[in-house]
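Line by line, the protein sequences give chains A and B.
Numbering follows UniProt numbering, in which position 279 of the first sequence is assigned residue number 279; successive positions increment by one, without gaps.
Numbering follows UniProt numbering, in which position 269 of the second sequence is assigned residue number 269; successive positions increment by one, without gaps.
Wrong hints could be hidden among the right ones.
[Unchecked claim] When the alpha-carbon atoms are kept at most 20 Å apart in a straight line, the in silico EDC-like pairs for lysine to aspartate or glutamate are as follows:
hint, chain 1, residue 1, chain 2, residue 2
1, B, LYS194, B, GLU151
2, B, LYS100, A, ASP2
3, B, LYS169, A, GLU188
4, B, LYS133, B, GLU151
5, B, LYS136, B, GLU152
6, B, LYS100, B, ASP79
7, B, LYS80, A, ASP191
8, B, LYS100, A, ASP116
9, B, LYS136, B, ASP167
10, A, LYS128, A, ASP116
11, B, LYS265, B, GLU18
12, B, LYS194, B, GLU150
If you are wondering where the hints come from, they were derived from the structure by calculation, not from laboratory data.
This structure is a prediction, so every number in the text was calculated from the model and none was measured.
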Amino acid sequence: MDWGNIFGNAVGEIISPTTAAYALAAIGLGIHFGYTGLLNFGQAAFLLIGAYAFAIPTLAGAPLIVAILCAIACSVIFAFILGIPTLRLRADYLAIVTIAAAEVVRYIVTTTGLTDFTGAANGLSGFKGTFAAINPIPEGRYGFGPFSYNEYDWWVRIVGWSLVVLASLLVWLLMRSPWGRVVKGIREDEDAVRSLGKNVYSYKMQALILGGGLGSIAGIVFILPRAVQPANYTTGLTFFIWTIMLLGGAATIFGPIVGSMIFWVVLSLTQGVLYGAIESGALSFISTTQAGQIRFILVGVALMLLVIFRPQGIFGNKKELSFSV
Amino acid sequence: MSNSESAVVSGHPLVKGEVGPGCAKVDPIVVADHVTRQFGGLKAVDVDHLEIPRGQITALIGPNGAGKTTMFNLLTGFDKPNTGTWEFDGKSLAGVPAFKVARAGMVRTFQLTKSLGRLSVLQNMLLGATGQKGEKLIASLFKPIWRKQEEENTARADDLLARFKLDAKREDYAASLSGGQRKLLEMARALMSKPELIMLDEPMAGVNPALTQSLLGHIKNLKSDGTTVLFVEHDMHMVTHISDWVVVMAEGRVVAEGPPESVMKDPAVIDAYLGAHHDEDLGDLMEDGPNPVLEAERKAREAHPEIEESPGWAENPTPPTAEEKQA
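So here's chain B without its partners, still in its complex pose:
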């Protein structure tokens, strides 16, 4: 499909060259090529080329059955593609088992929340920590080997639980949490591993509006901490408010991508979502207020016009390294 009639302006600070489906990014964290996955006669995913910009919040949207979750499963090793290769941070992750993908720094959550019901909230959190000495069979028998690390992880977990307002539930079984709290717990648990890229599969599904606001805040905080976020979502308000970049899938393909304000007006997107005969502009949905992310970008551009001229645009020209994040 072509973008010639669309409202997308060619060129964007995150993009090398033209904006369009499969366009190259200035600083991609994930690069996928020719990824296909077939279920019987149905090609659930058929993505020629996709790049996810580093340090940004990218939304993956599309109608039901577009292949978004399948794409998530493929990238994270939970499903095997028929063809395709992809790189994360320059390392090829094609055919790598799911647990190694997570160890590489690419951690996901699930559409149907997978909280570990008969473990306490704190135990759920501690499970997310990586490189635990006490997780080795022999070492686990000797508490002095892992006690200190366990204390450090507990402190981190308590900190995250407080941020996600789950600290009061610390000792409760995860099964006793509400659906929305489980979403929060799953996200907090994924953050225990200090991921480079966090992939959230419908973080807002089933979450009440009050919690939605705080979840949005958490996701924005992730970006300011230097974590790249990729999320699947149906809620257009969320997509337009917090994402820097939107990738639209339909029938397994990437049909459009671009900054949220223009991609919503893209006829390919309206087509995919609402069918060819619908004449309502998806962009109407974002008319209810200024997008704070875009506002911030605009102000930053005004304050530092020199950035405009440099080829690479990013709010954080150099995302913090793992050591800086720990500090």
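So that you can see chain A by itself, here it is in the shape it has in the complex:
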């Protein structure tokens, strides 16, 4: 087995744009679930909407900024559509509606009737031009060891992680403020907050829009190094984002970032080790395709172990969760 290569790939995942995208999506989900207590099981839909609402206008010739604003606007509209009927109801209803809505939008973009716009099952590609055009890094290959990329790959990483830092800063500013206090109060007991004169519905809507907006930006970062593929936006994506958020700690600033890094490093390591073992003949009873599936079985087991033995995550406050609220 080529251990150097396996570790090199794994370490590279720490700063990969995909890790940044998942971290952003998990930060958004943290606003929903960790701070406000909204059970959003459709974060994948926000990533999908971000991706398509960015790629479709770009392919139609829109400038970069227009495409980004379009992605954000679409996620806001989607958040309203989800929130208006459900945020007045108990938390469980939002969970049902979001998981269904996420599947609905995925089926919509996959329908052949919309092939001209969404590319149906083939998805979209060729939308990186406007983003690459503003890349200030001269052409060439930079970096060392496992962190050696060309100018475009560096550009995606720099922008992706800058957005992660900005989003974390935003969450930190919000959650230390009276606004954050209100949404945390809503997480604990929304009737109590209502009885103190706060418009709970409006706060929940603001939180849903904010977290969804971050999800749609994550969707843009996610597609910059690859093509738009509807198959990427299954409920599986939502559950990976949940795993990442819970791994790091739901109501924490650094939790989603570190959670995303650990998630992707572990996925890469297990893939490298399993594939290496199969190629070297040490594992003869499974194929590489099966090994790919086993990784995700491991993710499921890890998630179960996590919520049983460390429900507060890595950064979470044990004391905070020791109360049965």
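Starting from the known structure of chain A, arrange chain B on it as the hints suggest.
Relative to chain A, chain B alone:
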């Protein structure tokens, strides 16, 4: 039901005309008309007319299932009535959402305490403050906009926490408090908004006797600060000791009201509480000591006989305004 056989003397300084269920008050803060709420075949609340006197402590009593908490929920916008209108301070609040009712100055607590477990005691308190600039999404990002207001609110919260003997728990999670302390916290939190009317749903339930004494003191202090208090309670000692006025509900209706000493002897009340065959007088419960509130009223009347002649009776003829309270 009629009050003809009851011990209630007609006329009372808080009341215009005869004392009886639904009687008009000299200075009402809440006026409710034809409020009904039906749960399937059960009429949980069916109140024709009810007025709550301003600046006084009013007890809402009644057997289990009488509709007291439902009435609370309706008045505060947490539940919607089938019919009915009500006014608070002259403004109609029928159909107004709960958070706007609270902003109007009518703040409630809950029978099952709703402390916000994973927030600290201080954070719980600060949440009660109204008109916070930092609660707006954009403004919250810039601390200088809300820092000063936050400091003022923190000072107020510390003051209230000290009054309620919770200052030692300031930084603890509310979930770590005992049941009685949570009741205190909920009451203190409601006071952060400087309400005109505070509605306490069973403030004594589950509170140990030592704390009960201090809670009683707090409620009396509220009245001297000019806040109107309406509370639901089963503990007759508390009702007779601190309330100026008692409203009795049974099966959704107001069956009697009056000053505590006479309403306990009202056959309608005894009927509602204990059933028609019970011959024990509820008033026995208050025989264990003089009622300090009534004592004070009696002394005040002796000292100022001219008040007796004036039609409007109140200990504080003009309750202090919001500005005076702040001062």
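Does the structure break any of the earlier hints, and which numbers would those be?
-> Of the numbered hints, 2, 8, 9 do not hold.
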